[in-house]
Amino acid sequence: MNDALDVALRLLLVFLAFLVLPLVVGQTEHKVMAHMQGRLGPMYAGGFHGWAQLVADGVKFAQKEDIVPKDADRRVFQLAPAVALLPYLLVLVAVPVGPGDGAVGAVVDAGVFFVLAVMGVGVLGSLMAGWASANKFSLLGGLRTTAQLLAYELPMLLAAASVAMAAGTVSLTGILDGFAWWWVPWQITGALVFFVAGLAELQRPPFDMPVADSEIIFGAYTEYTGLRFALFLLAEYAGIVVLCALTSVLFLGGWHGPWGDAGLGWFWTLLKTAVLAFVVIWLRVSYPRLREDQLQKLAWTVLVPLALAQIALTGIVKVAIN
Amino acid sequence: MTLAAASPGFLSPTGVEVAFLLVGLVTLGAAVLSVTTRQLVHAALWLVVALGGLAVEYLLLTAEFIAWVQVLIYVGSVVVLLLFGLMLTKAPIGRSPDADSGNRPVALAVAVTAAAALVWVVTDAFRTTWIDLEGPARGSTGVTGEILFQHWVLPFEALSVLLLAALVGAIVLSRKKPEGERD
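Going line by line, the protein sequences match chains A and B. Each residue of the first sequence is one higher than the last, beginning at 1 in my numbering. Each residue of the second sequence is one higher than the last, beginning at 1001 in my numbering.
To be clear, the hints were calculated from the coordinates, so they are not data collected in a lab. These figures come from a predicted structure and were not determined experimentally. All C-beta atoms, glycine included, are put in the ideal place defined by N, C-alpha and C. Some hints could be false.
[To be verified] Listed below are several chain B residues computed to face chain A (Cβ distance under 8 Å; list not exhaustive):
id	residue
1	Val1069
2	Val1080
3	Ala1091
4	Ala1170
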């Protein structure tokens, strides 16, 4: 009975983090973007600096009418937001926030493969939405999403494989146990490749070609309204949380910090994740959108060779220190 | 055709065995739907369910690594590629009555033959082998890696050379010939 309670408590905590963290990132994006653009952002909702703006947005989305276009494929159209959102919840279960087996939702033996595999499933949601909407802009958005995923999945996998080689294990907790500070400079190329490829997989600027509003309205999500649209937005922010948490776990040492690893591990993980999330928002404000051919070129001619070079370097160093 | 006397019986299945059977039924159903549905994209989506069901079966047999690789490669890449191809060419919403082929009986015969051969070979090879689901995981990443790179290195390398050849072949085939040159 105690075991069941333990598991239930962990899953509840992960679920709470899944509900809260994306909203925090969303609100931070409102404010950071506003200040970087010389304005204030939301100031009224909730009283203090508009902290309740996203709650108000949520209420607004819930009140809107849920519309399915007449020619759309009803069931696939309605299922798509869930397929886009749920994988991120599953990934969050496997991310360790502190030392030991106690600070993770569930210990997954092949953790790296688990998180990358499940994250890849999320894109099916965008594809289903793009096809089922019966709208040419949606279809174009779906096509661009797929092309982007096919190009960026490979460098992401290769970069993660490099860390797995360095640690000699594919378990996320195992990788963190083996971490030492000099891994950061050693794996820095892989970290950059992983982060950039992850940004592209989330379709965040400067890789937001699939939802480019000035060209194809809002890509695969053009026909969505109300709660279903809100779920897609939530999936984007949950994706930011997952990507930043994974980058910090794989490349920046997760719960390792300058002091107090045992008690403050969760704090270091959250801090690293938050700093990376800030960088994601920063990039959105400061970089123009890449064109489709530039996207493909960046993936195949820059990121894949860099990731392969990182793997070679990892192998050489690994053999040398053994 | 006698089963080993020490093998566990079929009459008192454990929870895992029941789950295995149920997931197998779902997988089979999704697979049948994906070849009988008249809607092209639905066929691809049912394929996702079938391949995901297979991954769950691997998980139930404690082959965790294989399960995640199955999701990563088949659901995450192969089906996405399939959908990409469908959307690029022809992906109507609703039924496509013309999406049928006169080869249906031949395809059915080939499929049944292949399935029968596989079932026969697998049951004949592993008839008395039982996986102990209660003990330590037999298909963990470490065990899979050791077996793959100690006992099966040669087939593994041969397969990777085969894949490399296929890759090079695809590039050669898809390269455009210069203007005016004919083959």
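Taking each numbered hint in turn, which are not upheld by the structure, reported in ascending numerical order? 4
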